[in-house]
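2 protein chains.
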Amino acid sequence: MKCAVDIESRDVEEMYINIDPIQAGGRLTVDAMKAAISFADGYSVCDNCRSPFRLDYIQKPPIAQFHADLAAWLNMDTARVVPGARRGFQAVASTYVEKGDPVIVTSLAHYTEFVAVEEAGGIPLEVPKDEKNHITPDAAAEKIEAVILEFSKTPPLLFIDHVDYQFGNVHDVAAITKVAHQYDIPVLVNGAYSVGIMPVDGKALGADFVVGSGHKSMAAPAPSGVLATTNEHAERVFRTTQAKGDVTGRTFGIKEVEMMGCTLMGVTVVGMMASFPHVKERVKHWDTEVAHSQAVVDALLSIEGTKVLSDYPRQHTLTRIDTRESFDKVAQQHKKRGFFLSSDLKKRGITGVIPGSTRVWKFNTFGLTEKQIRHVGESFVEIARENGLNIV
Amino acid sequence: MKCAVDIESRDVEEMYINIDPIQAGGRLTVDAMKAAISFADGYSVCDNCRSPFRLDYIQKPPIAQFHADLAAWLNMDTARVVPGARRGFQAVASTYVEKGDPVIVTSLAHYTEFVAVEEAGGIPLEVPKDEKNHITPDAAAEKIEAVILEFSKTPPLLFIDHVDYQFGNVHDVAAITKVAHQYDIPVLVNGAYSVGIMPVDGKALGADFVVGSGHKSMAAPAPSGVLATTNEHAERVFRTTQAKGDVTGRTFGIKEVEMMGCTLMGVTVVGMMASFPHVKERVKHWDTEVAHSQAVVDALLSIEGTKVLSDYPRQHTLTRIDTRESFDKVAQQHKKRGFFLSSDLKKRGITGVIPGSTRVWKFNTFGLTEKQIRHVGESFVEIARENGLNIV
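Going down the list, the protein sequences come from chains A and B. Taking our numbering, the leading residue of the first sequence gets -13, the next gets one more, and so forth. Taking our numbering, the leading residue of the second sequence gets -13, the next gets one more, and so forth.
Don't read these hints as lab results, they were simulated from the structure. Check each hint, because a few of them may be wrong.
Since the list can't tell identical chains apart, any single copy or any two copies may satisfy a pair.
[Claimed, not checked] Keeping only pairs whose Cα atoms sit at most 30 Å apart, straight-line, the calculated DSSO-like set for lysine-lysine is:
(1) K332 x K20
(2) K266 x K(-12)
(3) K230 x K118
(4) K293 x K46
(5) K(-12) x K270
(6) K(-12) x K293
(7) K164 x K230
(8) K293 x K20
(9) K230 x K139
(10) K(-12) x K46
(11) K270 x K189
(12) K139 x K321
(13) K46 x K332
(14) K230 x K85
(15) K357 x K139
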């Protein structure tokens, strides 16, 4: 069925249990879907834009209130919506990083952090991960020292992923910000895999900036995200334009430079807003989500030869699994080769594992029901058994 | 009716004829609405992302083909989608403008151009408009000369609005780019009020960059837009990341720095795509749209004391009208004061004029049917007559 000329309708979320690593937290809630239909037109939220003419001041729909609620919920002082987490990174990097500045990221940093630093003219430098795939405060301190020595300059910014995209490991952000602050380095916490799916307390993390992704973890349409900060930094990162027309004398009021004036319009911001009450509620049930994740990982680990590369026991729903000694052995003999796994999963109504992957791959169980979790775990075990693997 | 907790459903486009100056070109087509429903989930377009893992390479939905089609349609060499026209300005300014560089804009430039220049560290300087509210090539040349003299430096970039947001006047972009090119200054054409509603031929305009807005003029959800360029500039503005992890040795493939890696996901890009065939068709009927605009303006001008501040005869659907000597005279006596006009229009099923405005205001007739146009024109005249104004 087509939804437009040349565009096949998407029915993945209706027809399958989707364990795609990046899609789980961005599925819309029912309210967000209704809001998306209601506010899909371009400048739909601007019907009631009144002086001082900035999108985040609009009261109907209650965008202004949403901003205040977002900041409070993250336990930060102020927040803005942005077109994706990466645009939050960009706003902060563009403000704090000068050409040639060393900027601390980590060995588990998402590529968009590198790109944001590069775009600002900085040099991204990685804190090494330890053998358990964690970023430790000691490693951070050591890297900061080394960078200061090499560049004769304190890095203006440190990025740390609350939960990294590679392993779904939860890092000790509070300890790392403590170290960074000893050097007066502000810290941006990348919450793309935490804000909206697990509890995040910016102040407890010691964050100077918390960035979240609407389409990754806040059940919102893309591109959407949030950049929250403290009173200490708000004036700088959210500075208003100083531009003035040299001929006309025009000035541009309270438009914020790094936000490029008005922020997210239409469907994206209203989608975030409509999901927000549900998102606030769902993070309270994070323990259940983690238990679900653990159940599927345990099912996988019952297949002889399978290893989990993420922290075990699991503390997150995103997991990196190593099936080189299990499913990949099957792939070597199977007439469908590595495609047998995604194909067998699909027969059981499960999608989201990259077709062909049987070596090291990731999946995300966020948002599945108890029954779906059981089905996913059992499906992996059945597929293994049917293909002659031992269950231990 | 609410579409989510605290969010009233929006029914403006269903219940009213909307002549809001910024909303007309961004109303979704039926196909875009269907696509929005189908692809509203966060990372919905990423189901079939395969190596080299960049969003604009995805074939299903046909995002890659859409990019090629967009460039061809604008008669440019290559194009990318961006989260709004302003993010296109930002990408170009960030690439071409160094701190302290003078950048040429105009007295009719949209504020987002100023902000993009400011964000890049540049100094925006305006080409004056003439008494007819046009930017002339002579004025551009004069300004360029003056700036070179003052800064001992050729500006790295010139922004020109194809159609300005203040008057909806169509400017002689081809002549202005010719002047700029004599000084080797690349030109960014802001097509926020042209791309998607009237024919735009980038090469004929001599544009180095054409930027369009999805939510303003391409019947797409927000935030969306397009940045198109020539082969001469593509490599620079769409340069791929050179970042490399100093510890891990990671590199990040073909992700583009100014695009922040992957571009528009989900509902925004698919909305643009679904509307695109209709948008390509509708620009062919621009003459009819202009005639419609002219008809409403003529109706307004039949009300004694009313003046049109935009070009006359009209060449665009966005018009700035001066009713200080007509509707504002009524407002001074009316118990609803200036609100009588929007209120009387609303009774006739027309919305989009800022409540309270009776002095100088703007409206946009784009996309209305013949019958709606007649109704809008007649409504203005009737309201005038009912309130004792002369019809001439």
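**Prompt:** Against which earlier hints does the structure fall short, listed by number upward?
**Reply:** Violated hints (numbers, rising): 4, 6, 8, 12, 15; every other hint is consistent with the structure.
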